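Taking the hints into account, I'd like the entire structure generated from these sequences.
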Amino acid sequence: MLAGFLVIAYSLPFAIGIYTENVFFDRQWLADLATVVLNGVMQGGVYAMFAVGLTMIFGVMRIINVAHGEMVMLGAYLSWMSFFWLGFDPLLAMVFTLPIAFGLGWMIQKFLLNAVVGGPELTPLLMTFGLGLAMIYAVEAVFTTDFKSIPYAPDSFQLTETIVVGKSRLISFVMALVISVGVFMFLKKHRIGKAIRATSQNADVAMVCGINIYGIYMVTSGISAALAVAGGVLVSIQFGFNPETGIIYTLQAFAIIVLGGRGHYIGAMIGGVMLAVMESLISFMLPNGTALVEIAAYGLMIFVLLIRPRGLMGPKTD
Amino acid sequence: MSTRDNWRNLGFLAGWVVLLLFVPPTFSIYIRSFFMFLMMYVILSLSWNIISGYTGYISFGHVVFYGIGTYATAILVVDYGWHWIMAVAASGLVGAIFAILIGYPVLRLKGPYFAIAMLGAAEGTRVIAINWVSLTHGADGIAYPNIENSFETYIAMLVLMVIAVIVAYWVGHSRFGIRLNAIREDEIAAESLGVNTTFYKMAALVLSAIFPAMAGGIQGYKTLYIEPESEFFILITIYMKLFAMFGGKGTVIGPVLGAFILYSVQEYTWIRFPTAHLITFGIFIILVARFMPRGLIGFAVDRGWARKGMVH
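Here the protein sequences come in this chain order: A and B. Offset between the first sequence (1-based) and the working numbering: plus 97. Offset between the second sequence (1-based) and the working numbering: plus 6.
Derived from the structure by calculation, the hints contain no laboratory data. Only a predicted model underlies this, so the values are computations on that prediction, with no experimental measurement involved. Be aware that one or more of the hints could be misleading.
Anything over 12 Å on all C-beta distances counts as not near chain A; from chain B, calculated [said to hold, decoys possible]:
hint : residue
1    : 16
2    : 28
3    : 86
4    : 88
5    : 114
6    : 139
7    : 161
8    : 165
9    : 181
10   : 204
11   : 212
12   : 229
13   : 230
Reference listing, derived: stretches of chain A covered by chain B, where coverage requires no fewer than 3 residues with Cβ under 8 Å from a Cβ of chain B [as the list claims (entries may be wrong)]:
hint : region
14   : 207–214
15   : 218–231
16   : 270–280
17   : 387–397
In this text, a Cβ means the ideal position worked out from N, Cα and C, and glycines have one as well.
This is the structure in structure tokens:
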């Protein structure tokens, strides 16, 4: 049923495109389509990376962090600051922006969320919501609501004579891939990574086995914040941003983890690519499509929750 | 809750209404508008409280009903030439229909998923409102003919508030409300005891959609200009939620009290510290969720400052 829905969802932009005569089926159009899909896949890598952060927190603590998108937004601003105030290359600046983010996530967990893990599930939701609000307006107080952007590698690679890929986009994709693989390896091989997985499977048993689960919660939250900020840095070199863009990233990340399956990392990667491809198809084929891309995340999220709440790869039970 | 209590509470409400009736002739238009918006937020938090306080389905996107109502009224008045009171009444109906459409899928979700799905629904509707230019005039917004109407809208809002309070009071003291509470406490148990949970959840959502839609309609007519970004503004949801939570969700007096106190505070801080006040609100939500999950009322009842039945 989900497969049927996805087929319909992906063919809908084509149908509307044909109806409104935006689809031509000549060589140039096909090359454009290939470009768009390729760009979507690359964008999806970045989405997937910050969605993995959200799904990690959910998997380990059963908390939905509504401030995740605001973390992405904060990452974009950290990158902007390091570029314009300190003169660093945004990617190089990750050497210190990511540790800052890790510390921030650690502190949020230590002082706010550790007290409410395992309680009623709506309390942390409301608390992260309040946190996100405070972050938006704190950033707004400093930077105002103006859209900011970073002029970084604006030129593009010519793959064939018609298929073109933006340089900043390719760099972002590669960075996202490197970071995601790094996190996977950490979770797979490192002692702390194994402890994180153990805690997400069963916190009580993990505690009995001598794992300090509150410590693990703080590490998880730190890694999640670092992933979000890394996402923000990679977004900031491609698009403009302002303090209020955060909520879009929260909803995108949430749509991705719903689609991929909650608490499932590979699912989040696949979901990220699928959402981004969907978005680029919409913006490519619909009239006035760029304004409508946000619909993809909301629609996908609501329908997947209805048709198959566990998503593509999620566990059968909650 | 005896009949005597009912009469006492009704008297209390009547006293408030009389006091509020003295506002328009006594004070300036600014104060009048302030009280009108205060009453609007009382309506909004009471409505949010019906679905989220009694039924336990925390909505993060309730502004969608408010926005829909604002737009329904504006379109009917400006494009179709209806009288504004008729349009406001019709927008209540539009809100109810919209609640059924949106509730049919979304009410199957539970807990955080419902919350996020509502947030998504609200944001999605905003995007549609911006892009469906032929119906909503797009991002340009809709402008009403320019007139001074602060007195009529004040009275309309007062009437709507009285109805909303009475409905909320009825919900709080009827079998209907008890069934909603049962859904909040344990939906499966409620269903096994013969409560038609699907119907009651839908009824609660529809009830909590009608009043914001009508209040939004009146508000749009008062401000004379509406546009998607401000009518589907997420901050309005935050206000509803925060006011109701601060006063005490799941009670009648809680949201009223919360809206009265916090809206006054926000108006004061808004004038003095335009940006800082929203940062403070964010921190305030965290503190309320962490330390006062049952709000002022729960806080008072826990400490024995108020009798439990008295404050409902």
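* Asked: Of the hints given before, which are not true for this structure?
  -> 5, 6 and 16
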